[in-house]
Structure formats: C-alpha cells, structure tokens
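Number of protein chains: 4
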Amino acid sequence: MPRPPESQGNPPEKLWGGRFSPEGGRLAEAFTASIGFDRRLWRQDIRGSLAHARMLGAAGVLAREEVETIVEGLGRVAGELEAGTFPYRVEAEDIHSNIELRLTELIGPVAGKLHTARSRNDQVALDVHLFLRDEIPGVVRRLRDLQTVLVERAETDFGRVMPGYTHLQPAQPVLVSHHWLAYFWMLERDRGRLIRAWQEADRLPLGAGALAGVPYPINPDQVGRELGFSRRYANSLDAVSDRDYVLDFLFACTVLMVHCSRLTEEIVLWTSQEFGFLELDDAWATGSSIMPHKKNPDPAELVRGKTGRVTGNLMALLMTVKALPLAYHTDLQEDKERLFDTLDTINACLQVLAGLLATARLRPEGLERALAGSVITATELADYLAERGVPFREAHRLAGQVVRHCLERGISLQELAPQTLAGFSPDFGPEVLARLDPAASVARRTSPGGTAPRRVAEQIALCREILVLDPLTPSEAAAKI
Amino acid sequence: MPRPPESQGNPPEKLWGGRFSPEGGRLAEAFTASIGFDRRLWRQDIRGSLAHARMLGAAGVLAREEVETIVEGLGRVAGELEAGTFPYRVEAEDIHSNIELRLTELIGPVAGKLHTARSRNDQVALDVHLFLRDEIPGVVRRLRDLQTVLVERAETDFGRVMPGYTHLQPAQPVLVSHHWLAYFWMLERDRGRLIRAWQEADRLPLGAGALAGVPYPINPDQVGRELGFSRRYANSLDAVSDRDYVLDFLFACTVLMVHCSRLTEEIVLWTSQEFGFLELDDAWATGSSIMPHKKNPDPAELVRGKTGRVTGNLMALLMTVKALPLAYHTDLQEDKERLFDTLDTINACLQVLAGLLATARLRPEGLERALAGSVITATELADYLAERGVPFREAHRLAGQVVRHCLERGISLQELAPQTLAGFSPDFGPEVLARLDPAASVARRTSPGGTAPRRVAEQIALCREILVLDPLTPSEAAAKI
Amino acid sequence: MPRPPESQGNPPEKLWGGRFSPEGGRLAEAFTASIGFDRRLWRQDIRGSLAHARMLGAAGVLAREEVETIVEGLGRVAGELEAGTFPYRVEAEDIHSNIELRLTELIGPVAGKLHTARSRNDQVALDVHLFLRDEIPGVVRRLRDLQTVLVERAETDFGRVMPGYTHLQPAQPVLVSHHWLAYFWMLERDRGRLIRAWQEADRLPLGAGALAGVPYPINPDQVGRELGFSRRYANSLDAVSDRDYVLDFLFACTVLMVHCSRLTEEIVLWTSQEFGFLELDDAWATGSSIMPHKKNPDPAELVRGKTGRVTGNLMALLMTVKALPLAYHTDLQEDKERLFDTLDTINACLQVLAGLLATARLRPEGLERALAGSVITATELADYLAERGVPFREAHRLAGQVVRHCLERGISLQELAPQTLAGFSPDFGPEVLARLDPAASVARRTSPGGTAPRRVAEQIALCREILVLDPLTPSEAAAKI
Amino acid sequence: MPRPPESQGNPPEKLWGGRFSPEGGRLAEAFTASIGFDRRLWRQDIRGSLAHARMLGAAGVLAREEVETIVEGLGRVAGELEAGTFPYRVEAEDIHSNIELRLTELIGPVAGKLHTARSRNDQVALDVHLFLRDEIPGVVRRLRDLQTVLVERAETDFGRVMPGYTHLQPAQPVLVSHHWLAYFWMLERDRGRLIRAWQEADRLPLGAGALAGVPYPINPDQVGRELGFSRRYANSLDAVSDRDYVLDFLFACTVLMVHCSRLTEEIVLWTSQEFGFLELDDAWATGSSIMPHKKNPDPAELVRGKTGRVTGNLMALLMTVKALPLAYHTDLQEDKERLFDTLDTINACLQVLAGLLATARLRPEGLERALAGSVITATELADYLAERGVPFREAHRLAGQVVRHCLERGISLQELAPQTLAGFSPDFGPEVLARLDPAASVARRTSPGGTAPRRVAEQIALCREILVLDPLTPSEAAAKI
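Just so you know, the sequences run in chain order A, B, C and D. The working numbering numbers the first residue of the first sequence as 21 and each following residue consecutively. The working numbering numbers the first residue of the second sequence as 21 and each following residue consecutively. The working numbering numbers the first residue of the third sequence as 21 and each following residue consecutively. The working numbering numbers the first residue of the fourth sequence as 21 and each following residue consecutively.
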C-alpha cells in the first residue's frame, strides 16, 4: 500500500509551553485578525462613526468642538483610505481599530471619545447592515439587466418555435420566447428575495452597545435617520447576535444561482452539436489547447459550477450560527468572507450571463431539425379526439397507437394519410392533419400563461411594464397576475 | 487489516438482460411510485379536482351532468379516504392516479374527462401549493404559541437579573426577561419568513398543462377564486418547473431551527449543574438507564439535533434542482418527502419548546451565584470615568487595572474600599460603588432596546401588541420600531 | 399584498404551565421516542445482548443458570420479533427498552441483570456498529452488480465509436466501451470507500458503559470475538460519542450518488431525441399522462434527483455533531434516520441502475450521425503536423483554419481534397485523410489508459480480474495499475 | 414598507448586443481566468513539465537538445517565479499558459513542443494531484503536533478528576487525562482519513490527454516514477474528470473540523466562569473593547466557527460535480479555491489549537467545586447493590431514591449516615460510603478503555507508541487495540 514519504518529524522532547509562549501571541493575533478582509467595510465604518459622533454631540455627550474635531479627523482618514495611503496595521486586528488608531494619531486622545456609547459588537453589526444596504441595489440592477436581455431575446426571437421538453424528451412545441420568459419570472422572484433581504438589512443595530444597551442619553433615531434606516432593533441582545439578514441575502443569492444553473445547463445543451439551437458569440466561448475545432461554453459552465460555491457559503453560515448562545461570539466573524465571496460571485455571474445571452445567436435550422425529427404534436391527436367526446384516457391511448405506427415506419405525424388515421378511430377527420403542424399546436395553447403567440405577446408586454418600474420596488404588475 | 466477511457472491455468468427483463418493470414501478408518501396530499388533490371540474363545466368543456357526476364521485372518494377504506394501489403510482382510478370504478369512463385541460405536472404543482397554503398557518400558530410563552416568561421573570454573556463570558448584567425577548424577535422574523413562504405558495399553477398551456377555453381565475389563490403563474413552463416556494418554506424552517438550536443550547447550558439557572419540569426531562441521579434535557437536545436534519433537507432540494433544464423532471418528485419531513419536524419542535419553556422554573439562586462570582459590572467603572471626561480608552485601561486587583485578591468589585479605588484614579468618587450593583447597572442601560426595566417593560408591551394581532399578518407594530 | 386567511386563534389568557402539565409528558415521550425507527436494529440488539450475557457468565458476573435463562428468553423475544408478534410499546421509548421489557415479562426480574456492566449509550453504539457491518456488504454487492453490468456492456458494445465530449462539445472519438468503463473505475473507488467505512464500523464500543468504563471484570474481547469485531475503542468517552463511522458511510454513499448522478445525467442525455445514443427498455421508462408519444427516463431522473437527498443526509449529521461536547447527547439519536434513509436510497438506486443499464439498447445510428456531423478528428490534423516537426501551437493554429474552412462550407473533414489541405500547409500529405476517420483516430490513442481498442481490451481484462475477486477485498489488481 | 432608494437606472433603449460586443471578451476573460488563484500550483506545474519533457525525450518524441533547452528554460522560469519577478499576465488565463508563454519568450518556439502528448485537462489534474501529495503531509504533521499536546496534557494533568458529562449533566467522574485522550483518538481517525486522501491523490493522470489518451509512444510510468506516483489511472476519461481525491481531502478536513468544534466548544465551556476548569494563556485570549474584565476565548471560538466554512467547501464541490457528464467541464475549475481555502483553514486551526491547549492551565479548584456540588457517584450505589445480587433495574430505582433524599436536603452523598442508607435497602453496608468518593469511583472503572488510572496509563503508553511512529503510516499499534 503506498504511503506518503517520510515526514521531517518534530523534536519530540521540546516542551510545548516553551514552544508556544513567545510566538503564541503573534499566531493568535494573525489568526483572529480580520483586517485582511473587513477593510472592505471602511466606507460604512466611517459613515457610521460620523453619524454616531454627530448624535453624541446633539445629545450633549460630546462637546461641539470635540465633534468637529472628530468629524474633520474622520474626513482625513477617509481621504487616506480613498487615496490608498492609509497605513494598515495587522496588529490593530480589524478595520474599526485601524481607523480609530489612525484617528488618534491624527487628532489625539479625543478620538477615544468616539467609542462612547458604542461597542465593537454593535459597530460591526452596523457596518455589515450598511454594506448590504449599499450593495444589494447593485445586485438588483445587474439582475434587472439580465431580465432585460431575456425580454429583448423574447422580442427578437418572437415567432420561433422549438420543442418544449419534459424529462428532456420533446413534449409539446413552444415559442422560444416563452422559454426565455420562464427565466424572466424566476429572476423576478429572485428580485423579490433580494429586496426582502435589503429590507431585513434595513434595521439599525447601533445603540445596543456590547449587548445590554448603553447608559447614555443617545438618540438612535437620529443616527438611523442620518444613515437612512427606517427601523431599529427592539432588543439589544438580538441586535448584536443576529445574522439573519446575512442569511437572507445568502439564500436569495443561492436560489438565484440555482436558477442560473438551470439556464446555463440549457445554454450548454443548446450549444451542443446535437441540439444546435444556439451559437455563442466568440467573445463568450473559448477554444481548446489541444483540439482546434472546439468552441466551449466555458463562461456558462463556470456560472453553473459556481452554484455549488454560493450554496456552500449559505451552508457554512447556517452551520456556524447553529447552537451559538447569546450574545456575540467570535464565530460570527466568519460571516463576512462568506458574504463578500457570494456578493462578488453573483455580480460577476449576472454580468456574464447578460453579456453571453445578449450576443448569442439562435440557430433556426437546429430548432427545425429537432421539431421535424419528433412526433411532438401527438398530444394534438388526443386533444382532437377529446374535443369530439372521446374520454381523455381513451383518446390518449389511441394517439399512442398512432405514434407507435409512425415510429415503426420512420415517418412523421404530418406524413400520415387521412384514411390511415381514420383506421385508428372513426372520430379522426381529415382536418386533424393541419393541427399536427408545430406552429398550429403552439397557436392553440391560448390558456392564460400558455405559449400561444398572443399570450406570449401579453407576457412580453407585462414584462416591459415591470422593467420600466424602479427595480427596487416589488412589482405591482407582477403581483396582479 | 480487517476486511468484511465473504460475500455470498453473484452467479457471475448469468446474463444481466435476462435477469432483469421479467422483474425490471416491478422494480422500476416500486422505485418511481410516490403513493407511499404523496397520499398525504389527498385532500388537496380532491379539492383541486372539484374546482377544476366545476370550471370545466362553467367553460362549457364538460356538460353539467358530467360535472355533477364527477363532483359526486369525488365526494365518495373523499369519504373513503377520510374513513380509511380507500383501496390504495402501488401500481397506480401516485395519489393522483389512485384517486382517478377509484373515481373511474365508481362513476365510469366519464372520470377520464376530469383530465381534460390538465396534466399530472400542473396537478402535482397545484397540490403542493395548496398543501403549503394549508399547513403554513398551523406552523405560524405554533410559532406564535412559543412567542407567547416567551412573553409570559418575560412577565413572570420580570426583575430577575442575570449575567449577560458574550463569548460565554459574563459581560454585563441583563434582565432575564430581556434575554427571553431576544428570542421573541428572532421568532418574529421567522414569522415574517413563513408568511412570505405562504405568499410564494399563493400562486396558481393550474392551466399550465404539461408545460405549454392548454388548448381549451379554461378560466384559471375561477379555479383560483374557488381555491383561494390571489395570483397565478404568468408562464406555463415556469409553473410546472418552479420549486422556489418549497425552497422558501424549507429556508424559513431552517433559520427557525437555527434559532431554536441557539435557545436549546442555552437551555442545556442553563440546566447544567454549573450554570444552574433553570430547572426543567420532570415531564420535559428524562432519567438515565444507568445513572440514577441524572435529569437530562433530552427534548431540548433533540430539538437542537434536528437543526441538522432540517438544514439537510434544504441542502437536498437545492442540490436536486441545480442544473435541471426546463420544464418538469422526475427529480422534482424528491421535493415532497423533504417538505413533509421538515414540516413535521418543525411542528413537533415548536410544540416541544413551548411546553418545555412554559413549565421550566427559573433558579434565582443560580443567577445570584453567577453574578456574585463575577466582576461583571466592571464596565461601570469605565463608564463612570468616561462621564467625568476621561477618554474612553483610558477609562477602559484603568477599569482593567481595578479588575485585576480584585481577581488577584479574590474579592468582588463591591467589596473595594473607596480609597483603594481612588488610588487607581483621582476621578473615582465614593458614589461609584453604588453603581457596581448588577441591578443598578441594568437600570442605567436605558437606551432604546436596552435592558433597563423600563425599556424591557416597553418591549413587553410591544410584544403584547404584536401577539393580539392576527399571527398571519406581518406586524405593523414591529415594523415601526 | 395577499395574506393567509384568519387563524383560529389561541385562547390568549390561558396559562401555559396549566396547558402543558397534563400532556407535557406524553408529548415529550412521543418526541424523544425512537422506537418508530430504531426497531430496525432488533437483530443487532438481540445479538449484542446474547454476546454480553455469555461474557457476563464467563466472567462470573452472572451465574450460569442466569445466563441460560436470559439466552433462552432472548431467543423467544427474537422469535416474536421475527414472527411479527412482538408487542411494541411507544412508552418504552426505544428498541432496547422494548426488548428488555418483553424479556422481563417472559423471564422475570433476572432480565434486569442483562443491564449489568452496560449502558444504553454503549448498547446503542454497538447496535449501529453491528448494523453497518451487516449492511455494507450488501451495498457493496449491489455496487459490484452494477460494475458487472458496465463491464458486460463494455464487452457487448465493444468496437462502437462515439464522440468523446468535453464541455459537452465533441472532442475526440472514443470507444463506447471506454466510456462505460470510466464509471467502472469511479465505482471501484466507491467500493474502496465503502470497505473503509466497514472497517471504521469494525470497532467494538461495548464496555464503555455510560461514558467512563464499567467496574466489572468484563472481557470485551470475548464479546468482540463472538460478534466478529477485530478492534475495540481505546477510550470509553470516545466510544459513546463517536459517530465518525456513520459519517464515513454517509460520505461514501454521497460520492457514490454523485457518480450515479453523472451516469444518469448521461442516460437522460443519451436517450434524448437529439443525442439518440441509447434506448431504454420499456420496463425502465414511463409514459406521460397527457403526451402519448413520450418515453421518459423517470428512474434515471429519480436516481439523479436522490443525489440531493443523500448529500443532505450527510450535511444533516455533520451539522448535528458540530460543537457537541463529550460524551453522549440526545442530538446523536438523529444519526439513525439519516443512516437508514441513505442505506435504503443507495440500495434502491444501485439496483435500478443495474437493471436499467443491462436492458438498454445502444443506437448505432445515433452515434454515427453524431460523428458524421462533427469535425471531431481535427486534433489529428494538428497531431499530424506536430509529428512532422511543426511546433504544436502552430500545428494547432493551422488545424483551426482547416476546421473553419469546413464549417463555413458545411463539409466534413473527410470530404476535403488533398490539395486543399496542402494549401493550408505544405506539410499536409495525402495520407493525412485516412487519419480523419473516427475509428482510425480511436485506434491511434494507444497510450496506457487510452481509448485504442487494444488498450480498452486490456482494461476489460483488468476489470474482469477485479470482478472475480471477493467484492469486499480492496482489489490488488486495481492497486497495481 | 421600506424600500431601497432609487436606482440610477439603465438606459433602457440601448441594444444589449451593442453594449456587450466590445467588452464581452475582456469580461469573459476575467471571469474564466484562474491565474488569480492557480498560481499557487506553479511548483507542481514546473515539476510536472520537467518530468514530461524528459519522458518525451526518452521516448524519442523530442530530440535530446530540445529536452535540454526546455529543461533549462523551465529552470529559468522557476527561478523567476521563486524570486517574485515572474511577469504574470491575466490574458494568459491560468498558471499553465503563463508558464508556457514565458518559456516561449525565453527559449523560442521549441517551448510549444512541451505540449506534445499532453492537454490542459491532464496537466491541471496532475498539478492538483501533486499539490495534494505535497501538502497533506504538512497537515498530518500539524495534526500530530496537536495529538502530542493532548498526550502531554494527559501526562501533566494525570490524576486530576473531573465530572464526566452526558447531556451536559455530571454523569460519572473521569480523569481529565481520559477526557483529553478521547480527542487523541478522534484525531487518530482523522489522520487515517488524511492518509487515505493522500493515497487517493497518489494516482498519475498524465497521459490521458484531453480525454482519450494520446497517439504518442509515451511512457507514463517514467513520469510517474520521477514524480513519485505509485499508481496511475486505468481510464483516460476518468483521469480528466475525476475529482474524488479532492472530495476525499475536503471530507477528511470536514470531520477533523467537526472534532475541533467539539474540542473548542469544551474550551469555551471550561473557560467560562461557571465551569472554571481551564484558564487560557493571555496570548490565546483577547480582551473586550468595552468591558475591561473580559478575557475571551476568541481563537477557540473562531476555530469552532470555521467548521461551517470547511463543511461549506465540501458541500460546494459535491454540488458542483453533481450531474456533470463526462469528461472535463469548466465547472471543475471551482475545485481549486475550495481546496486552497480548506487547506489554509485547517493548517491554521491545527496550529492555533496546539498552541492554545499547550499553554492553558487547568484549574483544580474549578474541578473540585463541580465534583463537590454533584451527586455524581450515585451510580456507585446502584452498582454496589447490583453486585450484591439486586437486579440492576431495582438497584437503579433505589439509588434514585437516595439521590432524591440528598437533593431535597441539600447534602452530598458522602454526607449520608450509614443508617440512613440502610433505611433505603438492607443491602447497603457501611463500606458503601468509601465508594462515593469520586477518585474511588474512577479507580473502579477498570474495564479496558475505562477511566481507571491504570487503564489511562496504558492509554498514554499506547498513544506514545503511536507518536513515535512516522505520522504518515497508518498506526499498527492503534489497529491492534
């Protein structure tokens, strides 16, 4: 049995205490430091501190000049951060302490007063709430861009018929536009989830202190107003230990990615030689290092693959929060990297999908070949009989016999002679043949939400109504249907 | 290396084709049959069929007498199902076919007409939508029961002080009531998620047919009205392939279970000998088969343990839906068992937690011992100095020195002599000692959402306002804060 | 915004304590009772008790007649369980207590002595260890059946050429047999994981008592020998709190299901009209309730869908065990349902896949159409040039130009005139055309593990060598390659 | 209802195609580029190329001077990479192309010949196999360090008695050393999993080409020997699409983290004021920004929290691989970031735990207080009676009565008068009292694997035997028990 090669080995007699004492501090510091990733919150941190300082001034906790000094100092710190000249220090652990340390260097000990009536616990919570409020609208806009592309495709490809599939078997013909719009509605639900995640983030945690509230006459509503919050937490313990709003966002992104994985699976299928329904623009496909004829849908595959990553981030945070007693625990620090990774992934995937779909070319010859090779309108035979009073189950059975007849002879339904059909059932009249054309079949599916062109046109109009609405408003139009 | 014992072995020369042909059908049938679990949907299936039949009648697709026969027949089938005399058949695969088969036996071939303008795909989707709409209110009521218990506990235990913890270290004293109410607010957010899951289920899929809509002049709005839906799907492909509404419910339950795991973790901690804050009623604890002195919080542990199960169900369905092309695939049949298991688990856990908490007894002696053993009001020393103009960071440092002094001597903060304190900083006056009483510390945390009794009393009043509202309405009261 | 209908409401003034006291016990009992599912362990429980009783006798802890009485009594209990006449009682909570209670009824108080030197904690652990040791060989045999089918298919389909895909784009032609055998090797690794899971279960926990060991002169090695264990736990705390062996099994099954999901995804693809590579036997496909022409690969889809379920079970147990202090907690009771569900799922899926694959029919016309429609041997052009000294990157570029030329003209590579080829590079001689035949391309890939017929024949021989080995032995043959 | 603020809006009439064409390429390139993370594989990539080039030379595919030029050029590239002067280019997508591009700049077109008989697909697979083979031994060594600390603690703390817990209730006294060693054995199983993951990575994929093998007389065994592989893949399709070996490593790390989460949960508990069993060295705890008295076990909490992250990575890759057809898909590119993140996390956590445990101080006063406050030796009463022939169930009942008697009077078991005991059962003799001392109880648990000092001493000796073995060898000593 193969085994790994010799290890270098540990000096076994060395005392562990001795080994760790000198460097333990540095190791622990590096391990718990979050400045490597939470620096991304600097804008939110500065903004929260400005609002907090002004509120402390208004409440009489800080003198007016103290507030002015702090505000001016925070402005200088922000300038350094923006300019990239800010001196980050790992030993200052996180972005909050880094900023405070720098503020102290710039304005002296008065900087310490900024910490009055505030704890790291509610400050971190505030920053993440603000960050999500800042970032979700951008996600929604990218999602809306992708919805727009889908509607534009539905318009451009209007009239094209394709096999509709269940079990990946041709089932009934549908309009390509109808297929594109199915994804519009999935994304519309995702938009709802993202807006709700935004609303969950819209809750001010500041004022909770470490966990119990603070013994100062603070005015959280002033801070909330300045920062644009419309609600605050009703309980300080909850405020510092809650991560639901992050979970809500991670879940919204996970379902969105599951939808994207369905769409990209279809893109991979449709660009296959065997389906041949779609051709990607060269910019959105790549070649092979060894096979000169390949045109691979890499970006679509990568979006599909990243569904696992985003789902994994959700599972990670659920597991981290499981069974944590109140209130704050350092375990919760793990929320930020999962959040940032999910946000960046989702933003990239939405852009990629929009670009990829907008520039792809439908291949009508592929659609037609697929339709011609199928007996996809067989349902029409059953429907036809049912309309003439044959119980549906019996109609279904008879249509099945006709299908078998065609498959055995390798002919299409449309090639059947009227008398052959009549041989299966006297109820088959010659006009049934016209109904076996895929386009005719599509046209007859006029039930609301069906694939008949006039229904799909209605759908497009409805989508257009939604698209002109502000993307961050839950769509009334959608709610009405 | 140990290895499993000899296997009995397969007759290796037997041809597989030969082996499988005869019994393959039965194996496949048993494998794909869902009647073992989807029989739970029979009420929804009957109700949906009744509405569908009446609508077909109103639309002129079925004759009035046909509708009457079907409606009467469905009533008899329902009667058999209710009475437990219904003859289930595995070979009829699912509840839908079982019912139709029985209906045919009872009323003859006209039963087949019920299938007009409807497919298994939209019928299954309808049943699950109806099921969630039927069941979620019950979950919300159980959740509301648990919220009620928490508020009652907050009222009963009002005034009791406990150590508030961060990192499981005593941090600042809080009211026990404040701690209970933190869970009220988590559950209130869970209620919001459940209501939204209900709203997502409130969308009629019928009329989508297999995937493309149907070629009959159906009126889904009539069906929707009869069944109480306020919306319908805008796209038939989406209608039959969507499982978002199940995912929304599974996610709502997962976060709810994560909250329950935090609460039960605390119950396990608090009923430990070392904490000794809570004693469970004998009905909600169990003994040991080998240790006569044990009183184990089994039900609380089991709730905590089931958090994994419910999260696993969410993971399962996300993975199942990943990368499925449109429209229906049999993979989606896997949604039902995950849903049923989650629903039953969550309902049981909510009931258990309500019963367990309602009958548990707070142990004041445990709380007092924990407070006495701590230097939990040390923050007061820092706050005191900060109020006198000492920068907070410096105040924090000085308070730390006092704490070290006490810990080294094994005395509590309240045992310090005034002159000793003054030795650490001239800013310490004798009145600081009164602030070191935990109750006084609690009383001073009067910021909104803080733990001061008057703030907690406000919280209780707010919770009571919410509790008298209908549980299925998103609480305006909560939204305002 | 739609909202759920009025709830029936709770009597809000009723005291919870009052509500729960009378029925709390029954609720808690029903909630924590495991008899509903752990009855499945009865064989293991009886076997473990028999061995324990005999060992207690040999150690002099029980008198010889006591042991005889107990052994005889356990035999009668087993008889009742086997015959289905055993009187299960929910109030006796679990299978262990049910058996003990019945034993007491049958043989009187001496039954209580069976509990000497044993606790519920190590008894449960023993039963699950035994159960996995009993069941894993059956899983391996079913897996071996599936491997056998794959090898038989590789033999039957030998010589057939298909497009090999990367990115679902035709890449290079391969033998169909080569494709089947890729799954053989995945399953062979799965077999290794299952055997290792068996080895992890092969560790005796009895003797650990509740957590600390027992104060009796017991001889666990005797128990171990009788029960066939080759190892025991070295630490009693570990013995009662370990669930790694269950996780190992769940993980082995999860990876196996991921492999099955890849295979079933391909079955779904290959049976699609567009690919048309495979036709399922009627027994392993089903029709549609509304579309008479459909032949849906439901069993394959369902296997694919169940991948989520099995993965969810793994996630569930990982989350349940996370952060549990030593030693036993009731949370761990959640392991059994996850285990049973996974075991049943995996056994069913393996059988279904074996039956389905054994009876499916390859469709050569589909393979040929796919090969004819592609420029899949373009790599040959590059290889040809590279062999003549053209740097590979340059050869690749030139072959790409030839491909583009063909695609633009809609001709296949084999239709190129020699002079046209020479126009792209003087290095192209006329003999290159022979290499553009897919079968020729396949034949040239003679590197070890490659798709050339003689290499695939070697592979088949190697697989056959492995198949004649006992399935529960890690295959030496496989290790050698 | 609050809603997000106005979005900036998209110019709605702009054509998407127009928008994307110019920049689509760059977006796609940035999206699919992996150079940002796979640069970490450069050592493996160079090593693999060196072995491949030499083999091509030996096989006569490349001339000797060509090989020399390539080998020398790769040496220069490696030098630049080592020195940090290598010019990375995003447009060259991944580390493999970056290296090849640079090699071409340095040695001219002969560099292109390195790509002969190799594809990106088998090259990437080779690099990840090599990477895992390189990195797993380091993980095992860190794990072994932690095991060493546990054994040293078991030695240092030998003789100390603590309450053993089940359900977090004191159950029976155990040696602290016994508790530490329970984790030794969990880690020992983790070591086994890591070694198996190493063995799974020990399989050469090179020679598979893109998917079908290569048409050159290559000698993979030479490459394998040079790179230290003991096996190779038997099937080229499997070789390029397999990610089992990554999953095996991710699973091994996940279970290891679950074990770490149990240990850190206990560290958090034990360092709580209420338990007070352990005090962390100042280097391994941190203070609070607002509470001067806090000493928080942040590093332990963070390890516990990261359990979610590592589990999430496993779930991510399982979901990514689910339902991927053969052979390579870009989805699989997602494996690397999950792998790197898990590796770095696990290495950091193992170091942190070793340092933290090595320097922590046991607090005997906490242990004694916990023992004194309990009736933990009540099992002795039952055992005592059972030894005297009382059926165990009856003995258990009587001991329970004694416990209740003590709890009601607030006295400990040891304070009972002999005659009081005799009042409960005539079988209680006066010598029973001596058995109620926790140390005596511990001493009596002499069953193999039990907590009696001589058994624990045996355990320590066994652990020491294992520790002197090479850490990468599956321990025979452990297997024997």
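Keep in mind that a hint or two might mislead.
Using 20 angstroms as the maximum straight-line C-alpha spacing, the simulated EDC-like pairs for lysine to aspartate or glutamate come out as follows [as the list claims (entries may be wrong)]:
id, chain 1, residue 1, chain 2, residue 2
1, A, Lys356, D, Glu100
2, A, Lys315, D, Glu49
3, D, Lys356, A, Asp361
4, D, Lys315, B, Glu414
5, D, Lys356, D, Glu92
6, C, Lys356, C, Glu100
7, B, Lys315, B, Asp301
8, D, Lys315, A, Glu111
9, C, Lys315, B, Glu49
10, C, Lys356, B, Asp364
11, D, Lys356, A, Glu111
Stretch-level coverage of chain B by chain A, calculated; a stretch enters the list once three of its residues show a Cβ under 8 angstroms from a Cβ in chain A [stated by the list, open to error]:
id, segment
12, 193-201
13, 469-482
Derived from the structure by calculation, the hints contain no laboratory data. Built from N, CA and C at the ideal position, the CB exists for glycine as well.
Of the hints stated earlier, which fail here?
Of the numbered hints, 1, 5, 6, 11 do not hold.
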